[in-house]
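Model the full structure from these sequences, guided by the hints.
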Amino acid sequence: MLKGLCRKAFPKALWVYHVNTGACNGCDIEVIDVLTPYYDAERFGIRLVGSPRHADVLLTSGPVTRQVAPALQRLLEAVPEPKLVFAVGSCACGGGPWFDSYSVLGGADQAVSVDYYIPGCPPRPEAILYGVALALGLVPKKVASEALRQESLEELALGVSLYERGNDGRQD
Amino acid sequence: MLLSKLREALICLRAGRVTLPYPFEPHDPAPGFRGKIRVDPDLCFGCGGCADVCPAGVILIRDTGQLTRVLEFRWSRCTYCGRCEEVCPEGAISMSQEFETATDSADDMVLTLEVFMGPCQRCGRCFPPPTSLEKISVTGFRSDEASVRPGAEVPALHGVSAQATGPGKGERS
Ligand code: SF4
Ligand code: SF4
Ligand code: SF4
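In order, the protein sequence lines correspond to chains X and S.
Yeah, the first sequence ends on 159 if you go by my numbering, and it's all consecutive.
Yeah, the second sequence ends on 181 if you go by my numbering, and it's all consecutive.
Because the hints were derived from the structure by calculation, they are not lab data.
Remember, it's a predicted structure, so these values are computed and weren't measured experimentally.
There may be inaccurate statements among the hints.
Unchecked claim - Some but not every residue of chain X turned toward chain S, in silico, with C-beta under 7 Å:
{"id": "1", "residue": "0"}
{"id": "2", "residue": "2"}
{"id": "3", "residue": "22"}
{"id": "4", "residue": "25"}
{"id": "5", "residue": "29"}
{"id": "6", "residue": "106"}
{"id": "7", "residue": "111"}
{"id": "8", "residue": "116"}
{"id": "9", "residue": "120"}
{"id": "10", "residue": "131"}
Claimed, not checked - What follows is a list of derived Cβ distance ranges for each label pair:
{"id": "11", "chain 1": "X", "residue 1": "142", "chain 2": "S", "residue 2": "26", "range": "54 to 60 Å"}
{"id": "12", "chain 1": "X", "residue 1": "131", "chain 2": "S", "residue 2": "36", "range": "20 to 26 Å"}
{"id": "13", "chain 1": "S", "residue 1": "48", "chain 2": "X", "residue 2": "67", "range": "44 to 50 Å"}
{"id": "14", "chain 1": "X", "residue 1": "34", "chain 2": "S", "residue 2": "26", "range": "31 to 37 Å"}
Claimed, not checked - Listing some non-contacts, in silico: residues in chain S with all C-beta distances to chain X over 12 Å:
{"id": "15", "residue": "80"}
{"id": "16", "residue": "82"}
{"id": "17", "residue": "122"}
Even for Gly, the Cβ is constructed at its ideal location relative to N, Cα and C.
The structure is reproduced here in structure tokens:
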């Protein structure tokens, strides 16, 4: 639904305001990479703008530090509706290695609501392009939560459930 | 001024098209790229070595019962350092080449693995030495010895020099 809404609300171009909330600059360099002619995000109408009031998208990189959180919220308020928030990099997605530091709140979603997550440390420029294309509805989503499970040895060997085996086999 | 512009235009014309067609055509990363972690559920035996070394605390371990242990990989904050792959004695974790992991929901970035823990309830000595836990103590520390890097053959435990066992293992030698 969000995807459909996104395609309706942003039919032509996404103007991006980039905010560094405590990143090591790795992600910022990759974001700049995406705007070079080699990767050329301007094909999709992605443009960096100098003011949040001109932007459709707030692109955050880095973990949200305690210091920057109120500023980030004010920035988001300055972006006119409809707006999207992109979190680029593992730090912005979940806090990175600093997720439990005293001076860090965690990922960008601890301060603002995030619409698209682009993990990677830093994400490849292709990964950022993929995130942009995902937001524009050009590519399908490829990840989902996974729940893996091992069969117990008893289940494998005997084909009976653990509890049956426990009741007649062991005296504990 | 005009000449320099013309020269610039010429250079651009000669270069031709440089833009990658990426999202419409695949563009695979170079070999050795470390992408999203991949876990082989059949190989993991729940030792917790990966959780111990992960710098980002991606891997959380909960014992849900006497025989079950749940490993939770919250890989949204993974830094793709490859330490878990390096340390896993069974090679259950590997770094895939997958980088197209952008998503619109934070819940997609979680992987859980329920491990069946098979303790020997009679003798408590299930594993012939060196156990996998002992193997971890060899590969589990950062070492500049090329011979103990993954890929190189792991030296037999009892023939290991004091240098290769790394810090914190002095009592072993
Ligand atoms: S995700 Fe990695 S590259 Fe990006 S800001 Fe964090 S530490 Fe730096
Ligand atoms: S690659 Fe590094 S950060 Fe990611 S799960 Fe493995 S040890 Fe943790
Ligand atoms: S180090 Fe390997 S075997 Fe041990 S818990 Fe992690 S994935 Fe499982």
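Okay, the hints, checked on the actual structure:
1. 0: Check failed: Cβ of residue 0 (chain X) comes no nearer than 16 Å to chain S, outside 7 Å.
2. 2: violated, 19 Å
3. 22: Not OK, violated: residue 22 (chain X) not within 7 Å of chain S, min 12 Å.
4. 25: holds, 6 Å
5. 29: Where the cut-off is 7 Å and the nearest Cβ of chain S is about 10 Å from residue 29 (chain X), the hint is violated.
6. 106: Status holds, d = 5 Å.
7. 111: Holds. Min distance 5 Å.
8. 116: holds, 6 Å
9. 120: holds, 4 Å
10. 131: Since the shortest Cβ distance to chain S is 5 Å, the answer is holds.
11. X:142 to S:26: 54 to 60 Å: This hint holds: roughly 56 Å between Cβ atoms.
12. X:131 to S:36: 20 to 26 Å: Because 22 Å falls inside the window, the suggested range holds.
13. S:48 to X:67: 44 to 50 Å: Cβ of residue 48 (chain S) to Cβ of residue 67 (chain X): about 48 Å, so the range 44 to 50 Å holds.
14. X:34 to S:26: 31 to 37 Å: Given about 19 Å between the Cβ atoms, the range is violated.
15. 80: Given a closest Cβ separation of 10 Å, the condition is violated.
16. 82: Violated: least Cβ distance 6 Å, not greater than 12 Å.
17. 122: violated, 4 Å
Violation of the numbered hints given earlier is confined to hints 1, 2, 3, 5, 14, 15, 16, 17; the remaining hints are satisfied by the structure.
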